[in-house]
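Asks: Hey, can you work out the whole structure from these sequences and the hints?
Residue numbers (full-length UniProt numbering): 1 to 299.
Since the hints were made in silico from the structure, they are not lab data. Predicted model only: the values in this text are computed from it and were never measured. Mixed in with the good hints there might be a few duds.
[As the list claims (entries may be wrong)] So the derived label-pair ranges between C-beta atoms look like this:
(1) Lys-246 - Asn-96: 31 to 37 angstroms
(2) Glu-192 - Ile-239: 26 to 32 angstroms
(3) Arg-207 - Leu-270: 19 to 25 angstroms
(4) Glu-104 - Leu-270: 27 to 33 angstroms
(5) Gly-105 - Gly-202: 44 to 50 angstroms
(6) Thr-71 - Ile-239: 16 to 22 angstroms
(7) Pro-224 - Arg-141: 47 to 53 angstroms
(8) Thr-71 - Ser-210: 50 to 56 angstroms
(9) Gly-105 - Pro-224: 32 to 38 angstroms
(10) Pro-164 - Pro-113: 32 to 38 angstroms
(11) Phe-264 - Val-171: 29 to 35 angstroms
(12) Glu-104 - Gln-76: 39 to 45 angstroms
Ideal Cβ positions, reconstructed from N, Cα and C, are used throughout, including at glycine.
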Amino acid sequence: MSSRCLDIPHSKSGSRPPKLVRSNSSLSFAKEAGISKRRHDLRHRRPNVATVPGTVARADGNLNPISPIVTLIIGQESRIFAAHENVLSASPFFKNVLDTQFSEGETKRILLPNEEPEIFSSVLEYLYKGDYHSRLVHDKRRDTWELEESAAAGRNGNGGREAPTIYHHSVDGEVLKDTVIYCVGEKYGLEELKRIALRKHGLQCGRVASTILTSARYAYANTPDTDSKLRAHYLALIIRGRNTFKRSGTMQLEMFHGGSDLFFDLFVALCNHVDDISVGSSTQQNTQQSYCNENGSQP
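Replies: Structure, rendered in C-alpha cells:
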C-alpha cells in the first residue's frame, strides 16, 4: 500500500468590492446583515457516532458502515487529525480532493498548513455532531437561542461571557473565532456551518473595537465579493457602534493604511443609511404639509 501526503495550498478570494444597492428602508441593510430569526434546525445535527458502534455519521444525518480513515496534518506545527472519509466527504472541498487526488488503496494524508488546529477541530466537531463548542441551546420558555456557556452562566447569575478569539498566524493577532469558522465553512462548502457561525456572532458580547476591525479585515480577505452575510454583518456592527469607532485610534490607523474594500463598503453603507433617514424625514414632512393644507392650518 503506497502513501502520499497531499499539500493543499491556501487560496484567497478576489478583492473587487461588492455591489451595495441603495434601499428604500433604513432597516434593510441591518436585515441583510443580521442573524436570521429562524431557529437553528436541530434536524441538521448529526448522530453522536460514539453511541452507535461500528458506524459513522453521513452528510444526510444517516449512518454508514465504517469508512477508511484519512489523516490530516494541520497548521504550521503539523498537528495530526484523523477523520472518516465518509464524514469528510460531506464537504464538497474534501470530497473533490479524496475522489481525484488519490489512487485506489493509497493511504490518504492531506496537508493543510494554513489552517489553525483549533478551528479545524471545530470543523470536525461540526461534521460529526452538527455543531461546535460553544453549542447553541434553545430556551423554550423565551423561545430564543443562546450559547451553552452563556445559558449556564445566566442560570447561575454570572451573566454572559466574552466573545471567543483565537490567534491567527495570517494576521499575527486575535480574530473572532466564529468569523474564522464562517470563512472556513465558505472554503469547504459547508453552508450550514456558515449559518451556525453567523448566528453565534449575533449572540456574542464583549467585543473590543480593535478585535472587531481585525476580524472584519479577515472576513473581507477570506470571503468572496458576493458574500452578503458576514461582510454586511460587520458593516452593520460598526455602524451601530459608531460612537465608539469614531473615537477609536485603531479605526483611524486602519483607515490610514487602507488595503481593504471594508472602508469603501462602510462609506457606501453609511451614505445609504443617511439617505434612508433623509427620505423618511422628507416623507413625514410632506405628509404633515398635506394634512395642514387639507385642514387650512399652518404646519
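Asks: Run every hint past the structure and note whether it holds.
Replies: Hint by hint, here is what the structure shows:
no. : hint                                  : in the structure
1   : Lys-246 - Asn-96: 31 to 37 angstroms  : violated, 45 angstroms
2   : Glu-192 - Ile-239: 26 to 32 angstroms : holds, 28 angstroms
3   : Arg-207 - Leu-270: 19 to 25 angstroms : holds, 20 angstroms
4   : Glu-104 - Leu-270: 27 to 33 angstroms : violated, 56 angstroms
5   : Gly-105 - Gly-202: 44 to 50 angstroms : holds, 47 angstroms
6   : Thr-71 - Ile-239: 16 to 22 angstroms  : violated, 45 angstroms
7   : Pro-224 - Arg-141: 47 to 53 angstroms : violated, 40 angstroms
8   : Thr-71 - Ser-210: 50 to 56 angstroms  : violated, 37 angstroms
9   : Gly-105 - Pro-224: 32 to 38 angstroms : holds, 37 angstroms
10  : Pro-164 - Pro-113: 32 to 38 angstroms : violated, 23 angstroms
11  : Phe-264 - Val-171: 29 to 35 angstroms : violated, 20 angstroms
12  : Glu-104 - Gln-76: 39 to 45 angstroms  : violated, 32 angstroms
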